[in-house]
Every structure is written in C-alpha cells, then in structure tokens.
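Participant: Dock chain B against chain A, hints included.
Taken in sequence, the protein lines are chains A and B.
If you're matching positions, the first sequence starts at 1 in this note's numbering and goes up one per residue.
If you're matching positions, the second sequence starts at 1 in this note's numbering and goes up one per residue.
No lab work stands behind these hints: they were computed from the structure.
For each residue, glycine too, the CB sits at the ideal point set by N, CA and C.
Accuracy of the hints is not assured; some may be wrong.
One side of the interface only, derived from the structure: several residues of chain A facing chain B at Cβ under 8 Å [said to hold, decoys possible]:
1. 160
2. 161
3. 162
4. 165
5. 166
6. 228
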Amino acid sequence: MPTGESPLEQFAIKRLVEFHIGGLDVSITNSAVFMLVAIALVTAFMTLGMRRHAMVPGRWQSMVELSYEFIAKMVRDNVGTEGMRYFPFIFTLFMFILFCNLIGLIPFSFTVTSHIIVTFIMAAVVFLGVTVIGFVRHGRHFLSLFVPAGVPIFLLPLIVIIEVLSYLTRPISLSVRLFANMMAGHTMLKVFAGFVVGLGIFLGWLPLAFIVALTALELVIAILQAYVFAILTCIYLNDAINLHH
Amino acid sequence: MSEGDPPKRSNDFDERLRQLRERAPREDKAVQGPDSQSRTAIGFAFRIGVELLAALLVGGGIGWLLDHWFGTLPLFLLIFFFLGAGAGMLNVFRAAKELNRGD
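The following block holds chain A by itself, in its conformation from the complex:
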C-alpha cells in the first residue's frame, strides 16, 4: 500500500535478539517478549495482590481471590473434586491467555494469542494431556468413550469413526476459536482506524466512534475467550476422568 501500513502489519513477528543454537533459530521475538511480559504481570498480579494476606481483602486482593475462586468453582462444577488435582494447570492456562489477550488491547503492543501456532500448541498440550490422563486412569477402557451405548451393531463401525473424528477435532476447534477471535477483532480495529484517516476531519469521527464501541467489545471478547478456553479444557478433562459425554 502506498499510504500507511497494512492492517495485518501488527501480526508481524520481528526478531529482537538473534539466537542460533545448533542450526535452530531460537531468537527472542516480539512474540516471546510479550509472553514473558504476560507471565511477569500474572506473577506480579498474584503475588503482590496476596502480599498482605489480609483477612478482609482490599480491592487488589479481592481481584486475586475472585479469579482464583472463579476457576476453582469452574473446575469443581465441571470436573468434580477429582479434577482439583489439575486446577493449577487450568488456572495457569486461564491467567496466561487472559493476560495475553488484555495486553494485546494496549495500542502498539503485540497479541500473542493472535497466532494460530501459539494457540494450537496450548490446545495440543491440553488434548495430549487429557488423552494421557484418560488412558492412565482407565487403561483400555478409555476407548469406550468412542463407543456410545445403544447403537445397532451394523452402524457401529461408522459411529466409531465419526466419534474418533469428533475427538480429533478438539484441538483444532479449541485453537481456531481463540486465534480467529483475536485476529479478526484486531484486524477490524485497524481497518476502521484506517477509515478514520481516510475520511478526514468531517466524516472521520463516525468510524472513530465505532472504534470506541469495538474496543469495549474486544475487551469482553478477550475475557470471554480466555474463559471459553478454560471451560472447554474442563469439559474435556471431565470426559477423560468420568468417562461419559
């Protein structure tokens, strides 16, 4: 484009510090930096918020306790008390995604979760972890997940294939949902920001008003998608632990 930058420019990965180990490119990119920022902020948010250990929590400590209890309740409701063993993982996942999404809303920052490879790796870890947990807990019996009860014998092969396909769909739908939401929202914001400049001083602030509304919507989506990722992880874990759909 002759004037300005493309709305997709924001997703570009830039190498900040070049690093090569044994032919592998492990440079520190802007994506890696923002992941580290998210981790640092989550750690600071949790530890500094709980620093006072007050019996009656202040505002900050309330936020920390609220997020803790929110996820704890989600795990207990969806997986049962058995699932509380995996609570630290789900809580970490939720806070990391939430902070990555929220940091991405700050102008000039980078949204880690708008890259499908990042969300896919998280979904793949969940998927593999849940499968391993299922096999460890139930052994070969875990495969009964793919054989629904009360199906006529001549339909069984077809149903089993469809069930397996449906199971394999999980990491894809889990990762695409988060990635598509973040990327679409951020692209839309940039496109409308381009309209503001293009329409000039008289009409330009119509799209500007729209951007304000859109930013509020993006804030909701950022929180909602972190929540959806966490609750779907809980649902998958429930299948593996309690063995029923």
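Facilitator: Relative to chain A, chain B alone:
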C-alpha cells in the same frame, strides 16, 4: 467522643446499608441486562461455526493423508470429508445439548 457517638454512627451505617440495598438490585439489572445474554449467544454461534469447520478440516486432512499414502487421490478424501461433516454435526449437537443443560 461523647457517649451518644457509637449508636449514632451505627444508625448512620444501617441507614446507608438500607439505601445501598435499595439501589443494588436496580444496578445489577442494569449491568446484566439482555446485553450479556446476546453476547453469549454470539459466542455460541461462533462456537458452532468453528466446530463445523474444524471437523471438516480434520476429516478432509485425514482423507488427504490416507490418499497420499495409498495413491488413491479422490477416494479417501471424499469419504472422510463426509465423515468429518458427520463429526461436525455431532459436535454441534453436543454443544447444543450443553447449552440446554446450562439454562
């Protein structure tokens, strides 16, 4: 620091609490109106779309891979595309059932 001070303050507190309680339900309604409902509806619609698409991708991908191995290009791709569509329907059906349970 007179003796009448503490009861007066607690009266004041009760009064404030009562006023706040009167105001609170209305504020709650304002925050959680039909707006939050429609937002989850949009999220749910999006979920169904992704569910269908992902199943088609997985089905098509597996079919293409099998064809790649056996050298029978359109055969397994077609079969697994439709199986993937079936799996997508199944996923959507389950998602809808979850939503009904949540209500």
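Participant: Each hint should be assessed against the structure and marked as holding or not.
Facilitator: Do the hints match the structure? See the list:
no.	hint	in the structure
1	160	violated (11 Å)
2	161	holds (6 Å)
3	162	holds (5 Å)
4	165	holds (4 Å)
5	166	holds (4 Å)
6	228	holds (7 Å)
In summary, the structure is inconsistent with hint 1 from the numbered list given earlier, while agreeing with all the others.
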